[in-house]
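Colleague: Each of the two chains sits in its own frame; use the hints to bring them together as a complex.
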Amino acid sequence: MTSTWQPSADIETLKKRAQLIADVRLFFSQRDVLEVETPILSQAAPTAPYLDSFYTDFSPLGSEHKQTYFLQTSPEFAMKRLLAAHSGSIYQIASVFRNGESGRLHSPEFTMLEWYRPELTLFQLMDEVNDLVQQVFNLAPVLRFSYRGIFEFFCKFNVFTCSDDDIQSFVAKRIDGLPADLVMTRDGWLELIMSYVIEPRLAAMNMSVFIYDFPASQAQLAKVEKDGQGNDVAKRFELYAGGMELANGYDELLDADELRHRFNSDNQLRQQKNTKTIPVDEHLLAAMTAGMPQCSGVALGLERLLMLALKKKNINDVRAIKFELA
Amino acid sequence: MANFSTNEFKSGLKFMLDGDPCNIIENELVKPGKGQAFNRVKYRNLKTGRVNEKTFKSGDKVEGADVMEVELEYSYTDGEFWYFMDSDTFEQHAADANAIEDCKKWLKEQYVYTVTQWNGSPLLVTAPNFVNLEVTETDPGLKGDTAGTGGKPATLETGAVVRVPLFMNVGDVLRIDTRSAEYVERAKK
Numbered sequence: 001m002t003s004t005w006q007p008s009a010d011i012e013t014l015k016k017r018a019q020l021i022a023d024v025r026l027f028f029s030q031r032d033v034l035e036v037e038t039p040i041l042s043q044a045a046p047t048a049p050y051l052d053s054f055y056t057d058f059s060p061l062g063s064e065h066k067q068t069y070f071l072q073t074s075p076e077f078a079m080k081r082l083l084a085a086h087s088g089s090i091y092q093i094a095s096v097f098r099n100g101e102s103g104r105l106h107s108p109e110f111t112m113l114e115w116y117r118p119e120l121t122l123f124q125l126m127d128e129v130n131d132l133v134q135q136v137f138n139l140a141p142v143l144r145f146s147y148r149g150i151f152e153f154f155c156k157f158n159v160f161t162c163s164d165d166d167i168q169s170f171v172a173k174r175i176d177g178l179p180a181d182l183v184m185t186r187d188g189w190l191e192l193i194m195s196y197v198i199e200p201r202l203a204a205m206n207m208s209v210f211i212y213d214f215p216a217s218q219a220q221l222a223k224v225e226k227d228g229q230g231n232d233v234a235k236r237f238e239l240y241a242g243g244m245e246l247a248n249g250y251d252e253l254l255d256a257d258e259l260r261h262r263f264n265s266d267n268q269l270r271q272q273k274n275t276k277t278i279p280v281d282e283h284l285l286a287a288m289t290a291g292m293p294q295c296s297g298v299a300l301g302l303e304r305l306l307m308l309a310l311k312k313k314n315i316n317d318v319r320a321i322k323f324e325l326a
Numbered sequence: 001m002a003n004f005s006t007n008e009f010k011s012g013l014k015f016m017l018d019g020d021p022c023n024i025i026e027n028e029l030v031k032p033g034k035g036q037a038f039n040r041v042k043y044r045n046l047k048t049g050r051v052n053e054k055t056f057k058s059g060d061k062v063e064g065a066d067v068m069e070v071e072l073e074y075s076y077t078d079g080e081f082w083y084f085m086d087s088d089t090f091e092q093h094a095a096d097a098n099a100i101e102d103c104k105k106w107l108k109e110q111y112v113y114t115v116t117q118w119n120g121s122p123l124l125v126t127a128p129n130f131v132n133l134e135v136t137e138t139d140p141g142l143k144g145d146t147a148g149t150g151g152k153p154a155t156l157e158t159g160a161v162v163r164v165p166l167f168m169n170v171g172d173v174l175r176i177d178t179r180s181a182e183y184v185e186r187a188k189k
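These protein sequence lines are chains A and B, in that order. Take 1 as the starting number for the first sequence in this note's numbering and just add one per residue. Take 1 as the starting number for the second sequence in this note's numbering and just add one per residue.
Isolated chain B, as found in the complex (with noise of 0.2 angstroms):
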């Protein structure tokens, strides 16, 4: 793999740092005083999804990682490992616990995940920003309280368990924010 000086250092950038391959979130040129230049870099461990800064003198050099994103179709599980899906080629791709830990509350068959994967294979499943979701469990609906006060806990086909107003019912399905976890509107079925 390449490596990079600082002056290519930009958002978007994948380089190892301590053995784990990290994504630069932000670049800045720090100058202080009148003293010698810095790059002050905001980057994610792409292994633990954890968010750092870390500075280097201007002309330091990284090595780059060879951490590529692609959109994979989730398949199935057969609980050691959950299995992907290029839709071109038909390969499958096997994703271990801690590459899905995050989404995996959000995973659905035939869904489109965004997979990162370092020398080929997924080092990080990431889910959609918004996924619709049927609801499976939550007490009886209360009809005519639309006002969206209070709410109530649901539990989601995938396991998740979200909170949604009272008037919601097993078999609505559900549009969810990832990010949030929270309940953004009964989707269409």
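Isolated chain A (complex conformation) (with noise of 0.2 angstroms):
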């Protein structure tokens, strides 16, 4: 029988971790960016379907009422709030908490570096990140490759113009093991083939890579525009290296009313579903309907990278107590 009160991490990479945060302190003061602390429980949450919020409930003393508040999966939308009431560039280093994500690369609750630069377009974001990932955690220079580029590279096709068939037919003959029984959408496979196929192969590779214009039905809260070939892109990248996703920045959208349409629509996909509908944000509505500025942002799981910089398997040796013992 192990003993169960021992930390996960080692002493000695709590010392180099704490370090790196420290650097990364740095990094952020030396450029201006202002570093803000905002809820972790908030009344409303995100909607997307497939991330789960922990949540519990507040309730007053002496009173039976309950309100549900959940704990935050990243602290974006407070810090959208921020943005809009002029704050100018801002970062967090949050603890953030996502319900049913566990493993060696995945814990349910985790540290998010998280910043936003009114000023910067998202290529300069992109900029940015490649010199904390350098400067800070000693990793390589990040190369740059359009979603449709870096799936013509790998798959040889067309993200834009194959048909579905395509796609599933290059699933089944790439991708083994798959249940017969599963049913996905086209941005599905997409992703599917991006983590079992081209992922492997950057890290087989060893390459880092941000990925960017994604296909427009993969915005999430990022502008839609079109790229040089007339195809509705997203402008948002993501960050991969090591074979895992590191983060993921957009080119923040700014239009209420398209954000709370996304909203609505991803409720009713939980609907279908069955899983709880999530009270939408109306503070960040309402901060967005003031006017945010044009601003790129970019979110970052801090122990990923700790996990590459001090060359670490598992999530759980850069975290002091593990999940599961906590």
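Careful, some of the hints might be misleading.
Calculated pairs, BS3-like style, for lysine-lysine (alpha carbon to alpha carbon, straight line, at most 27 angstroms) [unchecked claim]:
1) Lys312/A - Lys42/B
2) Lys273/A - Lys57/B
3) Lys105/B - Lys322/A
4) Lys10/B - Lys311/A
5) Lys313/A - Lys16/A
6) Lys322/A - Lys152/B
7) Lys54/B - Lys273/A
8) Lys313/A - Lys42/B
9) Lys152/B - Lys273/A
10) Lys105/B - Lys173/A
11) Lys173/A - Lys54/B
12) Lys312/A - Lys10/B
13) Lys54/B - Lys108/B
14) Lys57/B - Lys313/A
15) Lys311/A - Lys42/B
16) Lys105/B - Lys47/B
FYI, nobody ran anything at the bench for these hints, they're computed from the structure.
Modeller: Put into structure tokens, the structure is as follows:
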């Protein structure tokens, strides 16, 4: 029987973690990005269909009334309210929570480094992420591929023009052992190809890459524009390194009506699959209506970056105490 | 046998897949993009010994397999079955040719082997990582050649043929790594 009180990470690793996080703070203070802290508990939460927020009830003393509060899955909504109030560039190192997600690369509680840069374009923000991973974490420079480009390079098909059948037959040929009854959307299959075919190839080639210009249907909270070929693309990027997805950046959607529409269609999907619908964040929508500045923002899983920098295999190797023993 | 949901998957879990007992080697949660979650499992089919990958939707269930690993001493063969003995209870277990196929050339009486049993009967016999075996046949040794260059084939008492340094002779006992079928060193008799 191994005892269960000991830390999950060794103390030496925790010292390195503390130093790297201090270096991250220095990196941002040198660039005049303001550190902020926003509430961990909120009455609203993201609506994304496969994102499951923890929640709890607030009950004022002496009252029977209960108000549900969600633990944040990211500090995004609160930080955007600060941006609308003219905060300028801001960053946050925040504990975030995602119910159900536990594994070698997932902890239900983890640390997010998230920042917003009103004066930077999406490509300038990629430059800044690249500076951070090189200067602070001593990792290799990050290459750039468009979503279309990386699929053409590794899979030899055009994600915008190929048929659903083309994608299905590629999956059948290249990915073994999938559930026979698997039914997914076109984006579901593309995401599966990304994580089963492209990510491992990038990892085997030791390549860190930004992938940008996603299909519009994967826009999340990013703007949608036309690319050079006239395809509708979502102005967002993801950073992949060491076989992991490390960061997700947006040229932030500023249109409150469009955002409400995306929240509502997420909640419809949730209803269809019988999962809890989520209260829409009216404060965020009001802030956007008041006017959020043109802005690029990125959320980065800090532990995954620490794993790469400290050459650790498991997310719990860089967390003081793992979720299962908390 | 109990059912197991994907959230109970971990390495070492024995489960049934397409009628064969399997052992999970690695289990990884994958969440492609913002989509649904999967468990990507690397497993060994305990009947064939083959390693494969299978993806489960998170929340899927599998049937557990009644599989146990026991340490048994090899006794003898009658040509059809190979008999292994539990040294505590003296109970005999008969393994068929399929079960001993991979470790046949390392089978020596009184050595202890790991026997994987499914529903109580031997499914797979695994040799220890290292065994000491005597050379029964090889070209005469070359005295003075200790550099270990080149080497020559030697037949061992179990019938296995391994490459050994030139100075080895019939009657020498060698330590063999059964995973790579390679000579490691000369063992004390």
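Colleague: Given the proposed pairing of Lys312/A with Lys42/B, does the C-alpha separation stay at or below 27 angstroms?
Modeller: holds (21 angstroms)
Colleague: Would the pair Lys312/A and Lys10/B pass a check requiring their Cα atoms to be no farther apart than 27 angstroms?
Modeller: holds (20 angstroms)
Colleague: Taking 27 angstroms as the top limit, are the C-alpha atoms of Lys105/B and Lys47/B close enough?
Modeller: holds (19 angstroms)
Colleague: For the pair supplied as a hint, Lys313/A and Lys42/B, confirm whether the alpha-carbon distance does not exceed 27 angstroms.
Modeller: Within the cut-off at roughly 17 angstroms; holds.
Colleague: Regarding the pair Lys105/B and Lys322/A, is the alpha-carbon distance no greater than 27 angstroms?
Modeller: violated (45 angstroms)
Colleague: Is the straight-line distance between the alpha-carbon of Lys313/A and that of Lys16/A 27 angstroms or less?
Modeller: holds (16 angstroms)
Colleague: Do the alpha carbons of Lys105/B and Lys173/A lie within 27 angstroms of each other, as the hint requires?
Modeller: violated (38 angstroms)
Colleague: Is it true that the CA of Lys322/A sits at most 27 angstroms from the CA of Lys152/B?
Modeller: Answer violated: Lys322/A to Lys152/B is near 53 angstroms, above 27 angstroms.
Colleague: Hey, Lys57/B versus Lys313/A, does the alpha-carbon distance stay inside 27 angstroms?
Modeller: holds (24 angstroms)
Colleague: Is the hinted pair Lys152/B and Lys273/A satisfied, with a Cα-Cα distance of at most 27 angstroms?
Modeller: violated (67 angstroms)
Colleague: Is the straight-line distance between the alpha-carbon of Lys10/B and that of Lys311/A 27 angstroms or less?
Modeller: Roughly 23 angstroms separates the two Cα atoms, so the pair holds.
Colleague: Is Lys54/B close enough to Lys108/B, meaning Cα to Cα at most 27 angstroms?
Modeller: Not satisfied, since the Cα-Cα distance of roughly 36 angstroms exceeds 27 angstroms.
Hints 3, 6, 9, 10 and 13, counting from the list given before, are not met by this structure.
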